[in-house]
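Q: All chains should be modelled from the sequences, with the hints used to inform the complete structure.
Counting along the sequence shown from 1, when you hit position 345 you're at 345 in my numbering, and nothing is skipped either side.
Quick caveat, the hints were computed from the structure, so don't treat them as lab data.
Just to be clear, a hint being listed does not mean it is correct.
Said to hold, decoys possible - Straight-line Cα separation of at most 25 Å, SDA-like style, residue types lysine to any residue; simulated pairs:
id, residue 1, residue 2
1, K285, N339
2, K277, L214
3, K182, S71
4, K328, H359
5, K207, T185
6, K312, D36
7, K198, L214
8, K285, D208
9, K235, D36
10, K172, I39
11, K182, N141
12, K235, N141
13, K187, K273
14, K207, N249
15, K68, K172
16, K273, I234
17, K334, N268
18, K277, E356
19, K198, A211
20, K181, F133
21, K207, N165
22, K182, N233
23, K68, K178
24, K181, I234
25, K182, D238
26, K198, N339
27, K48, N66
28, K172, N260
29, K178, T282
30, K235, T24
31, K328, K312
32, K49, K256
33, K328, N266
34, K181, L34
35, K312, K334
36, K334, E350
37, K312, E350
38, K355, I382
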Amino acid sequence: MKRILIILILFFPIIVNALDFPETYSDSLIIYDLTDDNIIYSVSENSKKSIASLTKIATTITAILNIKDLSEKVTITKEILDTVRWDASRAGLKVGDIVTYEDLLYASILPSGADATNALAISLFGSIDNMVFKMNELAKNLNMNDTSYVNTTGLDAENHYSTANDVLTLLKYALNNKLFKKIYTTKEYTLTNGLVVKSTINKYPVKDETAKILGSKTGFTLDAGLCMSALFNIKEHDILLVSLNADYNIDFANIKDAINLINFINDNYDIQKIISKDYLITNIKVINSNIDNYEVNLSNDIYKFLPNDYNKDLISINYNGLNELSYKNKIDSKIGTINCYYDNELIYSEDIYLKEDIHINIIKILMKYWYFLILIPIILIIFLIRKNSYLHN
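A: Quick look at the structure:
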């Protein structure tokens, strides 16, 4: 067995400068390629901050995991609405309204309704504290070690914090739930009581620009500033964005950041063909056969979603397999594995199988062991001479 590491040296200039992302209003952010499972860009992504209503991502997915019947009715009471602080955003629920659990989920995410959020907490778990316990339990299970919840709404409170990276972890998990993803990517919804709720993203004045955002959850408090989470798609790649603590003195600073970053990635990234099909990886020595070497090639073109000025010096290929073949190796038998990397990230792996019969070459064997052709007759002659001598004696 042998390992061969090949650094691709291509016949054009290598660009080593990293792509400069635009400046943002947000102090902390992370952009993640959900399709390829890698981070595209990040700034202070592990810095603990207030996250405002991005908390409701945790509230909503926790509720979904505990609802047995989405169509079950919930009556909005004065006691429920009295738990909502005066400065919290509301969906517009009133005392006596009768809605379903599904209604409350939409009302929690789209207009960021604390009235809906607390209604879920009290009706499902008996109290807000009980739901907060479940939210923290979920965060722990997801290894969100820099997250702590003390309420269901995200209003500023001591020990209520998270990071852009932890919010991303939660959002990735939540989007695997079909109902959550459906809610998250809805812009407008009518509750069973006739109340129409709209995504906070709809408040942005330039609708053509927000159309690029497939799903979102925004947030704002004085401590958290303007926060944002978003799902968008660029060139068949689903991209997630989480940003925290944008300047609230600038209107829609969080949404402006998202739009600018979406446009920047769209203009500067593409699905790049970084290695071509049939690229020669290595030659394996073949013994006692009609061929001297066996070529190991890639079976497929290799693509990666990268900046247009990606660093080609970061491409590498590792071959791990047999270093010698003979007629004993049968066609379709595995002889090794190719792993392709970009910036030490595995992006492609392929098992290599022998594609042709290796036939024995008698002439090569005879030439290789010519001395036996001489030695054997000599030994035979000596044997016969000695035998003959023995018989005459």
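Q: State for each hint whether it applies.
A: Do the hints match the structure? See the list:
Our distance criterion of 25 Å between C-alpha atoms is met by K285 and N339, whose separation comes to about 21 Å. A distance of roughly 35 Å separates the Cα atoms of K277 and L214; the hinted pair therefore is violated under the 25 Å criterion. The straight-line distance between the Cα atoms of K182 and S71 is roughly 16 Å, inside the 25 Å bound, and the hint therefore holds. Distance check on the hinted pair: K328 and H359 sit about 9 Å apart at the alpha-carbon level, within 25 Å; holds.
For a cut-off of 25 Å, the pair hint linking K207 to T185 stands: about 15 Å separates their Cα positions. Of the supplied pair hints, the one linking K312 and D36 holds, its CA atoms being roughly 18 Å apart against a limit of 25 Å. The straight-line distance between the Cα atoms of K198 and L214 is roughly 14 Å, inside the 25 Å bound, and the hint therefore holds. With a C-alpha separation of about 60 Å, the suggested pairing of K285 with D208 is violated against the 25 Å cut-off.
Distance restraint check for K235 and D36: the Cα-Cα separation of roughly 12 Å lies within the 25 Å cut-off, and the hinted pair is therefore satisfied. The hinted pair formed by K172 and I39 meets the criterion: a straight-line CA distance of about 13 Å does not exceed 25 Å. In summary, the hint linking K182 to N141 is supported, as the alpha carbons are separated by about 24 Å, within the 25 Å threshold. Restraint check for K235 and N141: the C-alpha separation of about 33 Å exceeds 25 Å, so the hint is violated.
Among the hinted pairs, K187 with K273 is inconsistent with the structure: their alpha-carbon atoms are about 36 Å apart, more than 25 Å. Using a Cα cut-off of 25 Å, the hinted pair K207 and N249 holds, with the two alpha carbons roughly 22 Å apart. Taking the CA atoms of K68 and K172, the gap is about 23 Å. The hint holds against a cut of 25 Å. For a cut-off of 25 Å, the pair hint linking K273 to I234 stands: about 17 Å separates their Cα positions.
Distance check on the hinted pair: K334 and N268 sit about 40 Å apart at the alpha-carbon level, beyond 25 Å; violated. Taking the CA atoms of K277 and E356, the gap is near 19 Å; set against the 25 Å cutoff, the hint holds. Of the pairs offered as hints, the one joining K198 and A211 holds, with about 14 Å between alpha carbons and a cut-off of 25 Å not exceeded. A threshold of 25 Å between alpha carbons decides the hint, and for K181 with F133 the separation of about 23 Å falls inside it, so the pair holds.
A threshold of 25 Å between alpha carbons decides the hint, and for K207 with N165 the separation of about 28 Å lies outside it, so the pair is violated. Pair hint K182 plus N233 holds up; C-alpha atoms about 16 Å apart against a cutoff of 25 Å. Between the alpha carbons of K68 and K178 the distance comes to roughly 15 Å, so the proposed pair stays at or under 25 Å and holds. With a C-alpha separation of about 18 Å, the suggested pairing of K181 with I234 holds against the 25 Å cut-off.
Using a Cα cut-off of 25 Å, the hinted pair K182 and D238 holds, with the two alpha carbons roughly 15 Å apart. With a C-alpha separation of about 47 Å, the suggested pairing of K198 with N339 is violated against the 25 Å cut-off. Only pairs whose Cα atoms come within 25 Å are accepted, and K48 paired with N66 is rejected, the gap being roughly 28 Å. As the CA atoms of K172 and N260 are separated by approximately 22 Å, the hinted pair is consistent with the 25 Å bound.
Between K178 and T282, the direct Cα distance comes to roughly 45 Å. Violation of the 25 Å bound is thereby established for this hinted pair. The suggested pairing of K235 with T24 holds, with an alpha-carbon distance near 23 Å, which does not exceed 25 Å. Between K328 and K312, the direct Cα distance comes to roughly 39 Å. Violation of the 25 Å bound is thereby established for this hinted pair. Among the hinted pairs, K49 with K256 is consistent with the structure: their alpha-carbon atoms are about 20 Å apart, no more than 25 Å.
The suggested pairing of K328 with N266 is violated, with an alpha-carbon distance near 53 Å, which exceeds 25 Å. Under the criterion of a C-alpha separation no larger than 25 Å, the hint pairing K181 with L34 is consistent with the structure, at around 14 Å. This hinted pair does not check out: K312 and K334 have alpha carbons roughly 30 Å apart, beyond 25 Å. Between K334 and E350 the alpha-carbon distance is near 11 Å, which keeps this suggested pair within the 25 Å criterion.
Note on K312 and E350: the hinted pairing holds, with a Cα-Cα distance of about 21 Å set against a maximum of 25 Å. Between the alpha carbons of K355 and I382 the distance comes to roughly 48 Å, so the proposed pair goes past 25 Å and is violated.
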